[in-house]
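**Q** Chain residues, written in single-letter form:
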Amino acid sequence: GGIITQTPKFLIGQEGQKLTLKCQQNFNHDTMYWYRQDSGKGLRLIYYSITENDLQKGDLSEGYDASREKKSSFSLTVTSAQKNEMAVFLCASSISWGPGQLYFGEGSKLTVL
Amino acid sequence: GDSVTQTEGQVTVSESKSLIINCTYSATSIGYPNLFWYVRYPGEGLQLLLKVITAGQKGSSRGFEATYNKEATSFHLQKASVQESDSAVYYCALRGGGSNYKLTFGKGTLLTVTP
Chain A
1 GGIITQTPKF LIGQEGQKLT LKCQQNFNHD TMYWYRQDSG KGLRLIYYSI TENDLQKGDL
61 SEGYDASREK KSSFSLTVTS AQKNEMAVFL CASSISWGPG QLYFGEGSKL TVL
Chain B
114 GDSVTQTEGQ VTVSESKSLI INCTYSATSI GYPNLFWYVR YPGEGLQLLL KVITAGQKGS
174 SRGFEATYNK EATSFHLQKA SVQESDSAVY YCALRGGGSN YKLTFGKGTL LTVTP
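Those protein sequence lines, which keep their order, are chains A and B.
First residue of the first sequence: 1, per this note's numbering; consecutive thereafter.
First residue of the second sequence: 114, per this note's numbering; consecutive thereafter.
Keep in mind that the hints were calculated from the coordinates and are not lab data.
Just so you know, even glycine gets a beta-carbon here, dropped at the ideal spot from N, CA and C.
Careful, some of the hints might be misleading.
What the hints assert, rightly or not - Looking from chain B toward chain A, a few residues come up when the C-beta cut is under 8 Å (computed):
no. : residue
1   : Phe149
2   : Gly158
3   : Leu159
4   : Leu161
5   : Lys164
6   : Tyr204
7   : Tyr214
8   : Lys215
9   : Leu216
10  : Phe218
11  : Gly219
12  : Lys220
13  : Gly221
The following block holds chain A by itself, in its conformation from the complex:
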């Protein structure tokens, strides 16, 4: 088995601040994802990466940057945190093709004061 580790688990920031979330996986999966989870809105895809050095925008990419530094790691940056923003960010990985399931990390909770 493998595991997905997200850091930090909790992140508190100020309005306008740039904030970075990190994700590591040891499944040796090619594809990695960042989702945002808001209460009552489900999970929305921010960015995904099919392979190392690849980046693809999801449905909610505005206001975010991402970086796939190596196969095992995928970072997400909130470029300018919005006041009173609160959300959970989920990192996931999967094999690159077919109906493979996504494996998720436990999430990083963002609070902006």
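Place chain B on chain A using the hints.
**A** Using the frame of chain A, we list chain B on its own:
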């Protein structure tokens, strides 16, 4: 784009009673989508409950079942007799056909099972 609509909000069921959480989908990509149910138990990460990749087939896990109905574009989750330990948030999801890597989720349904 693809979309998933499922029973919204919270569902409360008494222990040993039956459960159905509705899920319908719309897929715009080429080919038939793959369909999934994910679950998040309290204090745990989101995990796969069951998946079905072929239309007309049924998936099952932990006493839950879901049948891929391409005519009705539905993938309802059912269980004949729920337990308190089934209390969790359930998400229906689809992965489009072709070379679509994206998984599109519904908004989630909070199931509370009362003793």
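**Q** Check the structure against each numbered hint from earlier and tell me which ones fail, lowest number first.
**A** Structure breaks no hint.
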